[in-house]
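A.B. asks: Just so you know, the sequences run in chain order A and B.
The first sequence begins at 1 in the numbering used here and counts up one residue at a time.
The second sequence begins at 1 in the numbering used here and counts up one residue at a time.
For the record, the hints were derived by calculation from the structure and aren't laboratory data.
Keep in mind that this is a model prediction, so the values were computed, not measured.
Backbone N, C-alpha and C define an ideal beta-carbon position, used for all residues, glycine too.
One or more of the hints may lead you astray.
[Unchecked claim] Examples of chain B residues toward chain A, derived with CB under 10 Å: (1) T266; (2) A267; (3) D288.
[Said to hold, decoys possible] Pair ranges (Cβ atoms, derived): (4) A/S149 - B/N252: 54 to 60 Å; (5) A/E85 - B/R16: 55 to 61 Å; (6) B/D241 - A/R251: 23 to 29 Å; (7) B/G202 - A/K313: 31 to 37 Å; (8) B/G156 - A/R350: 55 to 61 Å; (9) B/E63 - A/Q317: 35 to 41 Å; (10) A/R251 - B/N252: 38 to 44 Å; (11) A/G190 - B/M203: 52 to 58 Å; (12) B/L292 - A/E104: 40 to 46 Å; (13) B/L292 - A/A329: 37 to 43 Å; (14) B/E63 - A/E118: 27 to 33 Å; (15) A/Q317 - B/L292: 44 to 50 Å.
[Said to hold, decoys possible] Examples of chain A residues lying across from chain B (beta carbon under 10 Å, computed): (16) G43; (17) Y49; (18) W201; (19) A202; (20) S210; (21) P214; (22) P244; (23) R248; (24) E310; (25) A353; (26) T392.
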Amino acid sequence: MIAITAYEALEEICSEIRQFGEPANPALGTQLKNAYSALRAGGAVVGFYGQGKSLLANLTALAELLQGRRAVVIRANQVLAGETELEDVSTCGMLNDVVKECGETYRDWFRKVIKLDEGGAMRLNCREKLEVGGERLSKLDSIIVDLRSRGFTVIVDELERLVEQPTAYGFRDLLDLREQFFNLVDRRSGAAGFAIPVSLWATFDIQIKSRIAPVYFISGDVRPEDMREFMRRKLGQTPREFEPVEFRNPRVVAAILRELASGKSPADVVKLRLEVLRALADLLAKGPKVKKALFIALTAAWLRQSVYMEFDKSIFQKATSLAKEYLGADVDMGVDEAVKVLRRNRKVRRGVAGYYLSPLVVHELEELARGGGYQKRLLALFGEDVVQRISTELGVV
Amino acid sequence: MTALVERLGTLHKGGRGSWVYQSPRVLFLLLYAEVKGLDPGDLLQRHLAYVKRIGPQMAWLAERLRWLGYETRGGREPDPHKSMEYAKRLGLDPGEVAATVEALLKVLKARGPEDAAYLPPALALPEKALLLDAVAQSQAFNLRGTLSLLAKLAQGEEVDVGDPDSFRRELRFRHAYLYALHLAAAERRPTCLGYALALHLGMSHPPLATYFKLLRATGRLRYVVALEALALGVGTREDLDALLDVYEKLLNKRGVALPPREEIYTAFVGMRSDIGVGMIAPAKPLEDLLMLIET
Numbered sequence: 001m002i003a004i005t006a007y008e009a010l011e012e013i014c015s016e017i018r019q020f021g022e023p024a025n026p027a028l029g030t031q032l033k034n035a036y037s038a039l040r041a042g043g044a045v046v047g048f049y050g051q052g053k054s055l056l057a058n059l060t061a062l063a064e065l066l067q068g069r070r071a072v073v074i075r076a077n078q079v080l081a082g083e084t085e086l087e088d089v090s091t092c093g094m095l096n097d098v099v100k101e102c103g104e105t106y107r108d109w110f111r112k113v114i115k116l117d118e119g120g121a122m123r124l125n126c127r128e129k130l131e132v133g134g135e136r137l138s139k140l141d142s143i144i145v146d147l148r149s150r151g152f153t154v155i156v157d158e159l160e161r162l163v164e165q166p167t168a169y170g171f172r173d174l175l176d177l178r179e180q181f182f183n184l185v186d187r188r189s190g191a192a193g194f195a196i197p198v199s200l201w202a203t204f205d206i207q208i209k210s211r212i213a214p215v216y217f218i219s220g221d222v223r224p225e226d227m228r229e230f231m232r233r234k235l236g237q238t239p240r241e242f243e244p245v246e247f248r249n250p251r252v253v254a255a256i257l258r259e260l261a262s263g264k265s266p267a268d269v270v271k272l273r274l275e276v277l278r279a280l281a282d283l284l285a286k287g288p289k290v291k292k293a294l295f296i297a298l299t300a301a302w303l304r305q306s307v308y309m310e311f312d313k314s315i316f317q318k319a320t321s322l323a324k325e326y327l328g329a330d331v332d333m334g335v336d337e338a339v340k341v342l343r344r345n346r347k348v349r350r351g352v353a354g355y356y357l358s359p360l361v362v363h364e365l366e367e368l369a370r371g372g373g374y375q376k377r378l379l380a381l382f383g384e385d386v387v388q389r390i391s392t393e394l395g396v397v
Numbered sequence: 001m002t003a004l005v006e007r008l009g010t011l012h013k014g015g016r017g018s019w020v021y022q023s024p025r026v027l028f029l030l031l032y033a034e035v036k037g038l039d040p041g042d043l044l045q046r047h048l049a050y051v052k053r054i055g056p057q058m059a060w061l062a063e064r065l066r067w068l069g070y071e072t073r074g075g076r077e078p079d080p081h082k083s084m085e086y087a088k089r090l091g092l093d094p095g096e097v098a099a100t101v102e103a104l105l106k107v108l109k110a111r112g113p114e115d116a117a118y119l120p121p122a123l124a125l126p127e128k129a130l131l132l133d134a135v136a137q138s139q140a141f142n143l144r145g146t147l148s149l150l151a152k153l154a155q156g157e158e159v160d161v162g163d164p165d166s167f168r169r170e171l172r173f174r175h176a177y178l179y180a181l182h183l184a185a186a187e188r189r190p191t192c193l194g195y196a197l198a199l200h201l202g203m204s205h206p207p208l209a210t211y212f213k214l215l216r217a218t219g220r221l222r223y224v225v226a227l228e229a230l231a232l233g234v235g236t237r238e239d240l241d242a243l244l245d246v247y248e249k250l251l252n253k254r255g256v257a258l259p260p261r262e263e264i265y266t267a268f269v270g271m272r273s274d275i276g277v278g279m280i281a282p283a284k285p286l287e288d289l290l291m292l293i294e295t
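Modelling step: build the complete structure from the supplied sequences, incorporating the hints.
C.D. replies: So this is what it looks like as structure tokens:
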């Protein structure tokens, strides 16, 4: 099984630790070390959707519990919805389960990553009633105060829900939410750790950011090598097809692992990507030569998992052979010729250490990700799920 | 043979509490306070309190505080009233410093001038340009002489240092400034960029234009921007664009230009969020970025 929710991930990571001595994703150790120190100090972890904020929040709470200290991850959306029992507003039950089922396994791994105090594992009473007062974020404030007074380390999660639908939770708009959040961290600086989605972080001014410090940005520690190792451990070996891909997002790897688990072969997975990329190239270029060359360039961008980064001729080479292998001789084109055609037709520009896709091409891809441009035509060909996935794998902003 | 300190000129006399001026960020903040009529002592105190809280998770900045001039052994209570003296010795125009800091604060959505206290210990690119322009022309700083001295020391060459105390003081001060400009490595030698700039200075090439040309040609410029974006807490494409707009405007005033946006974007990877904000992060892991910039 490939994990999606934090709960499933915690179960799965447990079995991975038993198998490999650490989680299958080797980046998780560094991430936990950094997240743990930030969250415990009342700071924050900031990350994209799907980068694992909730997982890091819960691992931090788990590490505290295993050292005999009370800790819990609060679901902000549940608090605002009016729930008052610890069970309902937090991951209390889940943490208790994990401590019971897997506490000692986690302890073994935590010891390698963070400095762990000795102590017996703590079990929480999830039926505790909490003091909740006020409106909107004041509710959250009162719960933080209450839990702190009971000796809890508190981490607040699920702010994403509030950001997505601020009015549904009683805020005038996103800025109203931001101002209330500012009041909260201003009054309770350091009282709770926060898992903050970048979408909320983006609205913050320098003063709010400084109030929340220390901050840990999750994105700084994900290396393609780690992602390759992640895949290798999950599958026993990295399929040949994925060797040249520089995965940067654990969520992307997990989604591909899910596709493979559903019975698709690595070759099928890659072929589908290449078909979408070819359709894209056909839409974005005129003339058979330019189409072929652009297809190779887009494949190179997919190999890097980013339409913004530079690619040198060696990646072009990999892209060319990949394209040829899966889609046959009609896409065959030499690297030098492809580069020449692309430059002449302003599809790539020369960068510092290679080439990058020209602003026009990138703009088209961005429009596509925003639902404009050629999206309708691609959707008709491949369906929404596939188009969405490819645009994530291309790292389009 | 004249002692090196005499040849370099005296910058940092080491009066009581003046250690804090080893940090270019602190100097910029205090100058900003003077120009804007804020209480420099108060601003400094809030800044130092904030810097303490950036904590171990921003280890790359925390680890570098020493080299950025923040820490000293046995330093006394910092004296916040000497910024004008230092500006004069370094050839910095306080008005320009204040205007640059203000422009940055605006793009970081500051609530008021006091928010300058929350600027990160590392300088932003337009501030670096301002500082480089000043120190390259400051006789007291003697940029080329300082870089040559660091090169000599790195080669293990014997140098006549004169009074060892004042030598240490001067070297520490200059090293922090060069480090902030990516011209010196932590271990007190010039970076490749530092060596290259020294060569050009020897040929009397214009310092700032050359600095930018070298930053770009060595592939550093975009990664410097990526690192600054991280330090400034810029996490979205929209914020990055706003920041780069300000960078561009301030740099153009000094006669230098940023490379095309797309070239800078190559240092970032991104992801679109469900609510339509374009999120970005440095394309290379932090360690790799730092290694590249500090080599």
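A.B. asks: Give a verdict on every hint.
C.D. replies: Evaluation of the provided hints:
{"no.": "1", "hint": "T266", "verdict": "holds (5 Å)"}
{"no.": "2", "hint": "A267", "verdict": "holds (8 Å)"}
{"no.": "3", "hint": "D288", "verdict": "holds (8 Å)"}
{"no.": "4", "hint": "A/S149 - B/N252: 54 to 60 Å", "verdict": "holds (55 Å)"}
{"no.": "5", "hint": "A/E85 - B/R16: 55 to 61 Å", "verdict": "holds (59 Å)"}
{"no.": "6", "hint": "B/D241 - A/R251: 23 to 29 Å", "verdict": "holds (25 Å)"}
{"no.": "7", "hint": "B/G202 - A/K313: 31 to 37 Å", "verdict": "holds (36 Å)"}
{"no.": "8", "hint": "B/G156 - A/R350: 55 to 61 Å", "verdict": "violated (41 Å)"}
{"no.": "9", "hint": "B/E63 - A/Q317: 35 to 41 Å", "verdict": "holds (39 Å)"}
{"no.": "10", "hint": "A/R251 - B/N252: 38 to 44 Å", "verdict": "holds (40 Å)"}
{"no.": "11", "hint": "A/G190 - B/M203: 52 to 58 Å", "verdict": "holds (53 Å)"}
{"no.": "12", "hint": "B/L292 - A/E104: 40 to 46 Å", "verdict": "holds (42 Å)"}
{"no.": "13", "hint": "B/L292 - A/A329: 37 to 43 Å", "verdict": "holds (40 Å)"}
{"no.": "14", "hint": "B/E63 - A/E118: 27 to 33 Å", "verdict": "holds (29 Å)"}
{"no.": "15", "hint": "A/Q317 - B/L292: 44 to 50 Å", "verdict": "violated (24 Å)"}
{"no.": "16", "hint": "G43", "verdict": "holds (6 Å)"}
{"no.": "17", "hint": "Y49", "verdict": "holds (6 Å)"}
{"no.": "18", "hint": "W201", "verdict": "holds (5 Å)"}
{"no.": "19", "hint": "A202", "verdict": "holds (4 Å)"}
{"no.": "20", "hint": "S210", "verdict": "holds (4 Å)"}
{"no.": "21", "hint": "P214", "verdict": "holds (3 Å)"}
{"no.": "22", "hint": "P244", "verdict": "violated (17 Å)"}
{"no.": "23", "hint": "R248", "verdict": "holds (6 Å)"}
{"no.": "24", "hint": "E310", "verdict": "holds (5 Å)"}
{"no.": "25", "hint": "A353", "verdict": "holds (6 Å)"}
{"no.": "26", "hint": "T392", "verdict": "holds (7 Å)"}
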